[in-house]
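Number of protein chains: 2
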Amino acid sequence: MKNIFFATSNPNKFEEARNVLSEYGIKITRVNIKATEIQTDNIEDVAVVSVIQASQMGFLPVFVEDAGLFINALNGFPGPFSSYVYRTIGAEGVLKLLEGEKNRLSKFKSSVAFYASNGLKKIFSGEVTGKISEEKRGTNGFGFDPIFVPIDGDGRTFAEMTMEEKNALSHRANALKKLAKWYLKISAQGAL
Amino acid sequence: MKNIFFATSNPNKFEEARNVLSEYGIKITRVNIKATEIQTDNIEDVAVVSVIQASQMGFLPVFVEDAGLFINALNGFPGPFSSYVYRTIGAEGVLKLLEGEKNRLSKFKSSVAFYASNGLKKIFSGEVTGKISEEKRGTNGFGFDPIFVPIDGDGRTFAEMTMEEKNALSHRANALKKLAKWYLKISAQGAL
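Just so you know, the sequences run in chain order A and B.
If you count by the working numbering, then the first sequence holds residues 1 to 192, one letter each, in order.
If you count by the working numbering, then the second sequence holds residues 1 to 192, one letter each, in order.
Excised from the complex, chain A in its bound form (with noise of 0.2 angstroms):
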């Protein structure tokens, strides 16, 4: 079984996607650490720079994923800054800057960046557009799961959801799901 390392301090990432990637027969194996995260407006630069710090490590291959929430009435707002925020106004806040507003569309976004030791770079985008709740609900998932109804879902949100539901509709799943496919073939060409 192939094995890739995923640089993540968050174990609930880890989980899902050790779930996502298992059914392509891709092992992964983590290593806990936060890698520095630079301040944009574009996740994929993010994770960018994170992977090439990761990489350094000697991990190697390796991959790291950054993901944030973006609110079209909020212009974007907590896009890539959900954890900060999340850890310090909470679901909560975002219930209340949304208070009265009856736009509550927003997506969630995923960018995985994958780093080899040959020096190959590649990075995968995935996203999933649902609605904010007008309250929270579930107690699954992490982060702003109970306050995200995917659209493409049953009206329940991110939280209410198994891991192996969140994972059939989830911006991480998506990119993650590129991420494997892509890593198959190349190790099939045996450019790894």
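All copies of an identical chain are treated as equivalent in the list; a pair is satisfied when it fits inside any one copy or across any two copies.
As a list, the in silico SDA-like pairs of lysine to any residue whose alpha-carbon atoms are at most 25 angstroms apart:
1) K185 to I28
2) K34 to N75
3) K131 to R87
4) K136 to L95
No lab work stands behind these hints, which were simulated from the structure alone.
Go by the hints and put chain B onto chain A.
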């Protein structure tokens, strides 16, 4: 007159710094770049990384300044991400988050990081305690100035003051005055 470069993409910050430092006989020249900022809860770390990058552009000596508004009732939010938060949810968003909140206590913090051609680095911090107003008042200054009332003032927000009045109290002026005194001292000692 001594000259230092100030690397900033923010013309308002530059004008405030020019006003403060001219009183010490220090002339500053603007380098209009936005150095990469890292994501961290500590604005000193943001400033240190930025000034190293700015120093590599060859304009020396150089300083950068990073600032943030830390609101007690919001666990320090928006903190190091004040600029992004201002651009997305604005002062109105912060006021909405504080609706019904009696604890309006907050701090503006500033970190000034300096870098000389001989590799000398130094960091200066300044802060000012205040309260978040119930509504926006005033049109001077920039960013969250219209909702910040310094406790050592007369009840006006920073945006209701002249630049000179704000500079007598502000976090940024506070840090810059420390830079000025130190810079004059080491220059007199021939250390630069």
